[in-house]
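Top line first, the protein sequences correspond to chains G and B. Numbering of the first sequence is given in the numbering used here, commencing with residue 468 and proceeding in unit increments. Numbering of the second sequence is given in the numbering used here, commencing with residue 27 and proceeding in unit increments.
Honestly, the hints are just simulated from the structure, not real lab data. Quantities reported herein were computed from a predicted structural model and do not represent experimental measurements. Every residue, glycine too, gets a C-beta built ideally from N, C-alpha and C. Please note that a few of the clues may not be correct.
[To be verified] Under 10 Å between C-beta atoms, here's a sample of chain G residues computed to sit facing chain B:
(1) PRO488
(2) HIS498
(3) GLY504
(4) ALA515
(5) ARG615
Here is how the chains run, residue by residue.
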Amino acid sequence: MQKAVNLLRGFVRIGVECPYPERFINLCAVHHIAFWGADRIGELRLEATIPARCLPQAEAFAVKLGGSLTAIKQRGALFFLERFKRRYVLITGLLLCIAALFISNRYIWEFTVEGNKTVPSEAILEALREIGIKTGSPASAVDIVDIRNKVLMKLDGLSWITVNVSGSRAAVVVRERVAKPLIYPRNTPVNIVAAKPGLITRIDALAGAAQVFPGDTVRKGQLLVSGLIDSSQVGVRLVNARADVTARTWTELKAITPVGAVGKRYTGRETKRYALVFAGSRVNLYRNTGQPYAMCDKISKTQSLRVGGGFSFPVALVTETFTEYEPVAYQLDESVAESLLRRELSQTLRGGLAAGGEILTETVTFHPETGFVSATLTAECLERIDVPRKVEIGDVLARRGDS
Amino acid sequence: MKESFLEKAARRMDIPAEVAANVPKVIIHGYREIYVENHKGLLEYGPREVHVNGGEAVLKLTGEGFRIRAMTGSELRLEGLIFNIEFIY
Numbered sequence: 468m469q470k471a472v473n474l475l476r477g478f479v480r481i482g483v484e485c486p487y488p489e490r491f492i493n494l495c496a497v498h499h500i501a502f503w504g505a506d507r508i509g510e511l512r513l514e515a516t517i518p519a520r521c522l523p524q525a526e527a528f529a530v531k532l533g534g535s536l537t538a539i540k541q542r543g544a545l546f547f548l549e550r551f552k553r554r555y556v557l558i559t560g561l562l563l564c565i566a567a568l569f570i571s572n573r574y575i576w577e578f579t580v581e582g583n584k585t586v587p588s589e590a591i592l593e594a595l596r597e598i599g600i601k602t603g604s605p606a607s608a609v610d611i612v613d614i615r616n617k618v619l620m621k622l623d624g625l626s627w628i629t630v631n632v633s634g635s636r637a638a639v640v641v642r643e644r645v646a647k648p649l650i651y652p653r654n655t656p657v658n659i660v661a662a663k664p665g666l667i668t669r670i671d672a673l674a675g676a677a678q679v680f681p682g683d684t685v686r687k688g689q690l691l692v693s694g695l696i697d698s699s700q701v702g703v704r705l706v707n708a709r710a711d712v713t714a715r716t717w718t719e720l721k722a723i724t725p726v727g728a729v730g731k732r733y734t735g736r737e738t739k740r741y742a743l744v745f746a747g748s749r750v751n752l753y754r755n756t757g758q759p760y761a762m763c764d765k766i767s768k769t770q771s772l773r774v775g776g777g778f779s780f781p782v783a784l785v786t787e788t789f790t791e792y793e794p795v796a797y798q799l800d801e802s803v804a805e806s807l808l809r810r811e812l813s814q815t816l817r818g819g820l821a822a823g824g825e826i827l828t829e830t831v832t833f834h835p836e837t838g839f840v841s842a843t844l845t846a847e848c849l850e851r852i853d854v855p856r857k858v859e860i861g862d863v864l865a866r867r868g869d870s
Numbered sequence: 027m028k029e030s031f032l033e034k035a036a037r038r039m040d041i042p043a044e045v046a047a048n049v050p051k052v053i054i055h056g057y058r059e060i061y062v063e064n065h066k067g068l069l070e071y072g073p074r075e076v077h078v079n080g081g082e083a084v085l086k087l088t089g090e091g092f093r094i095r096a097m098t099g100s101e102l103r104l105e106g107l108i109f110n111i112e113f114i115y
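Generate coordinates for the entire structure from the input sequences, incorporating the hints supplied.
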């Protein structure tokens, strides 16, 4: 630590020649001139290291003792910087660089978007661009409340947004809107109907009149619990029906995949192209803008010039890699095709299952055909099939007509 | 050598003499480093012999490759192979 401080402050290795070098040492010690690494070289000569700021005083002591002092070596930040004293262009460049850093730091040069899954980052950045927050905008222009008010109006998929500006980087943090479940107010008359066909295994009618019972089979959309209750006092009474209806359901899913497919075989030839992006404006570092190969993959990579975690320069290097390939026809193995179909159908089945539902049996049958493999999945599930549906005026009139 | 009044008082009151009477305090670290507190300056300094003024006595060090590592008005840190330490009254 002390070494680092000494280097920063600067120190000088001195050679003192005088009749009594010990007197020089004593004088330095008494006058609080810290010195270290003192070596007696000869009868009249002494070498030591002293802080740079004490050099004039030490020189005066040497003269006072009838001797002389010479600086052998100077080290430290102070002496290092002194070397650049006459290098005006370098100093000007350094100052310009500092000024550019300082000014550039007040603008946003890079955006990152986080927290989005369904709403594309491009859409969020486009919405920000429309309200004037884009690459090159001053950081002071970021008004969180204003952004929130305007962007949330433009993008329905978002429920919250904020922009954190750190140096010249802006981190756009969003929260996506969660689709609200279908819930009717308690005072709205509601029927419970079947979401899919099935065999009722259990029905818990918490409000309303049950229209089906365990063991009944129901169609999709069939009334399970009615929100219209017959009353001997007031005729038909309307309620918000609530029920948990569990049923065994049967699902049949079909999928098909071709056995023949076209794949890629890379030839090993590759071309790279570079471009620079200055504050959103692209400058291509190549002449031919056409595709280099008839069939190729193109991979673009953008690298921003960054300093530390907060500052990024308004310059980005775009590297485009074109990799040539040849189309190759190949025959899909039957077992691979079946495995693909099985996975696809299984995912679809699980995606369509009501929350908390379970699969009782699951059977997949494959039918190889010429050039294709088709599969049929048959599954028996146990799941809730109740969904609320608002009571329409027609339902009430129909009930009155019945009664 | 006659003991001074302050030294005597410090000894009676169990106070370190270097604090009360300003006498030198010498600490030797191993064989190659010596630390002197409350010194009164160097009388002679060379790679083989160093004479340190201790006030009422002179501390004479003989050895090899003596070098002052650091020195202030009251403290002195010397390094070098120490052969002999002698007090000259």
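Hint-by-hint comparison with the structure:
no. : hint   : in the structure
1   : PRO488 : holds, 7 Å
2   : HIS498 : holds, 8 Å
3   : GLY504 : holds, 7 Å
4   : ALA515 : holds, 7 Å
5   : ARG615 : violated, 63 Å
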